[in-house]
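Colleague: Protein chains in written order, with my numbering: chain B, 1 to 360; chain A, 1 to 339.
Do not take every clue at face value.
To be verified - Listed below are the simulated DSSO-like cross-link pairs for lysine-lysine, each with C-alpha atoms no more than 30 angstroms apart in a straight line:
| no. | chain 1 | residue 1 | chain 2 | residue 2 |
| --- | --- | --- | --- | --- |
| 1 | A | Lys194 | A | Lys34 |
| 2 | B | Lys302 | A | Lys99 |
| 3 | A | Lys246 | A | Lys258 |
| 4 | B | Lys302 | A | Lys238 |
| 5 | B | Lys352 | A | Lys99 |
| 6 | B | Lys302 | A | Lys83 |
| 7 | A | Lys238 | A | Lys249 |
| 8 | A | Lys34 | B | Lys302 |
| 9 | A | Lys99 | B | Lys21 |
| 10 | A | Lys238 | A | Lys258 |
Calculated directly from the structure, the hints in this document are not laboratory data.
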Amino acid sequence: MNPAQQHTASLPVSGSPRFIKWHLILTLLLVILFVIDLTFGSVYIPIKEVINTLFGSESVNETYEKIVWLIRFPKAITAVLAGSALAVAGLLMQTMFRNPLAGPSVLGITSGASLGVASIMLSAGGYSGIYMINQLGIGQSWLIVIASSAGAAFVMIIILGISIRIRDNVALLIIGIMIGNLTISVVSIWQYFSNPDQIQDYLMWTFGSLGGVSNSQLTIFGTAVLAGILLSFFSSKPLNALLLGENYARSIGIRTGTIRFLIIASTSILAGATTGFTGPIAFIGIAVPHITRNLLNQSDHKVLIPATMLAGAALMLICDIISQVPGSQITLPINAITAMIGSPVVIWIIMKRRTINSGF
Amino acid sequence: MTKAIDISTLEIGYQTKGYAIKKVAGPMNLEMNKGELVCLIGPNGSGKTTLLRTIATMQNPLGGDVHILGKPVRKLDRKSLSKMLSIVLAEQQVPGNMKVHELVALGRYPHTGWLARLTPTDTEKIRWAMKITGTLNFTNRAVVTLSDGERQKVMIARALAQDTPVILLDEPTAHLDIPNRVAIMMLLRKLARKTGKAILMSTHELELALQSADRLWLIRDDSTAISGTPEDLVLGGKIEQTFNDKSVKFDISSGTFKMVEKGNKLIRVTGNQNELLWTSRALERIGYKITENAQVEMRIDISGSDKTKKWLLTERVEVYEFDSIEGLIAYLRSKEKML
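The shape of chain B in the complex, shown without the other chains (with noise of 0.2 angstroms):
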C-alpha cells in the first residue's frame, strides 16, 4: 500500500461502523431498562411474567396483564417520548446558541410551555370540561399539544432575539432564567383569579409525572415526537455548519435564517409536546447532549441525534425506575429524580471547561 491510499483510508467517514456500535448499545440497553421499568411499580411483577405479557404468550396472571398493558406500558413508552424528545431539544439548543449550558428547562423554554398550558387549563370559563391531562380527549390533547408547542416557540424566539444582541454565555442564562420566572409570575396571577379545581389540575400537572398520558393520547405525543426528531435529523448538516458560529455556516451556503426557523419549530414541538403530556421535566435537556458527546467523541449530528435520543430515552426510564422506588410501595415526584442526576452533570460541565464562555 502505498502512502497516499494510506492517507485516504485514514480519513474516517461519518456513520461508520464504531458509531454505529454506539447506537446498538444504548438501543440493547434501551429495551432492558423498558423491560425492567414494567416490573417495577406499587406491584412487582416477575421478568418473566412482563415478557410474557409483551409477546402475548398463553398462561398470562390477568391482573399482570391489566398493569401492564394499562398503566406501565404507557407510563414506559412516555419516559422514552419524553426523554428523547428533551434530550434532542436540548442539543438542538446548545448549538443553535453555542451555548453548553442552554437546555428546554434552562432558558425557560418549558415555562414557556407552561404558559401554555396554564391558558387552556385556567381559561375563565373554558374548557370547564377538563381536568386531569389523562382525562382529554384527542382534541383537545392536541389543543394542549399546540398550546404548550406555542408557549415554547413564543418564549424561543425572544431568547434567540436577545441571543442575537448579547453574545455572553452566562448573560443570555440568566436573561433565560428571568424569562421563566416571568411567565411563571403571569401564570401565578392566573391561578389567584382561578377556581381552585382548575388550580389543584394545574399544580399537579406543573409537579411532572410520567404516568398521566392514556395510550390514545400516545399516538399524539408520539406523533409530535416523532415529526420533531425528523424535522431536525434532517437538519443535521446545517446543524454541523453552525458548530463553526454562523459566520462560517453562511460562507459554505448554509441558509441561516431557514435553520434558526426550523431549530425553533422543531425544539417547540419537542419540548412543547412533552411539556404538554408530562409538566416540565428539568434536566434531561441539558445533561444528556453533553453524556452522549462525552460517550461517543462526536460532533457530527447525524451521528449525535440519534444517540442522543436513545441516551435520553435510556436516562429517563433510569429515572423512572428510581421514582418507583423498587422494593417499596412509594412513588417519588419524577422531577427530583431528574435534578439528582442532572444537576451533577450540569456542575461536572461547568468544572471541566473552568469557565461557560467558551462554545462546546
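Got chain B sorted already, so can you dock chain A onto it with the hints?
Modeller: Below, chain A without anything else, positioned relative to chain B:
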C-alpha cells in the same frame, strides 16, 4: 481577463436602522488578479476587517460594488457565492470533540447533498487540501488540541477543501510566533502560485507583507485605498505617508520600521558592517545620535576577529576598551548618571 476581485467606488461602514450611518472607509477602487497573494494593510481601525466582511457579504456596503470573477457578490445567492469564495476568520470557536478531518470536511458542504455524504471526489479534495497544508499528520486529532500555528493551517485546509477561486483570510498570522507567521505566509504564496487562486489576507505584519505579497491593498489615513505592488508603494512613499508618526519611521533602505530615537549626543562609530549596525542600534537606544562627522568628541572603533571583538571608546584624549556592547553601554550610562 476578468479580475478575481474588482471593487469600485465601495464605501464600507455600518448602518443600523434608526441610527446614524457610520462610515469606516471609502470610496475605494481596488482590484486583484487570479494567482495573486494580496495583503490588505492599514493602520488599526482603518477598516481592514470591515472591508473583508463586506466582500464576503457578511455586511452590506454603504455604496459601490464588489465583483468576484465579474459577478456582483450581492446579486449572488448564498450557494453560488459559497462555490466562489471561502473564508478564514479571526474568530475561532471549534467544538471540543471535532476532529481535524471533520473540520476540513465542512469545507465540502457547498458541494454535497442534504445529508452531507462525501463522494470519492470530496474525499480526494479533502485529502489534497490537508496534504498541501501539511496537516495530514493530525487527521484524527481534536482541533482544540492543536497549537495555534497548526490550527491556522487546518482552517486554511478547510477553505481549500471548499475549492473556491477566491479565499479571504482575516489576520491569519495574528497570535503566531515568527516561524509560524513566515510558514503561513509561504504556504499562502505557494497556494496562490500553484493553484492560481486569488488569496486576499489582512495583516498587521507590514514587513512580512512587503516581502511576500504580490500586491498590497493599502487603506490610508484619509480612508481612501490604493492597490499596487509593494515595491511601487514603497518607492512612491505611500507606506511612509500612511504609517509614519512621531515614534515610528519607515526606513526605505531596509524595508523595515524603526523607532524614532530623539538622540542628541553625537557619536561616531567605525567598524565592520554587522558590528557597526548593531552597535549603532544599541547607542541609539540610549539616546545617542550616530554621525559621520569626524570632528565629534566621542568615537567608537570596533576591531578584532569573529572570536575576540574589541570596542575602543575615545573621549577626547582618554581611551577605554570593552569586549562587549553590554560593557560599553554600561559604562556610557554610568557616566551619564554621574553628570
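Colleague: Look at each hint and say if it fits the structure.
Modeller: Comparing the hints with the structure gives:
1. A:Lys194 with A:Lys34: 11 angstroms, holds
2. B:Lys302 with A:Lys99: Holds, because 15 angstroms separates the two Cα atoms, which is no more than 30 angstroms.
3. A:Lys246 with A:Lys258: 11 angstroms, holds
4. B:Lys302 with A:Lys238: 53 angstroms, violated
5. B:Lys352 with A:Lys99: With Cα atoms ~19 angstroms apart, B:Lys352 and A:Lys99 stay inside 30 angstroms; holds.
6. B:Lys302 with A:Lys83: 24 angstroms, holds
7. A:Lys238 with A:Lys249: 13 angstroms, holds
8. A:Lys34 with B:Lys302: This hinted pair is violated, its Cα atoms lying about 37 angstroms apart.
9. A:Lys99 with B:Lys21: 19 angstroms, holds
10. A:Lys238 with A:Lys258: 16 angstroms, holds
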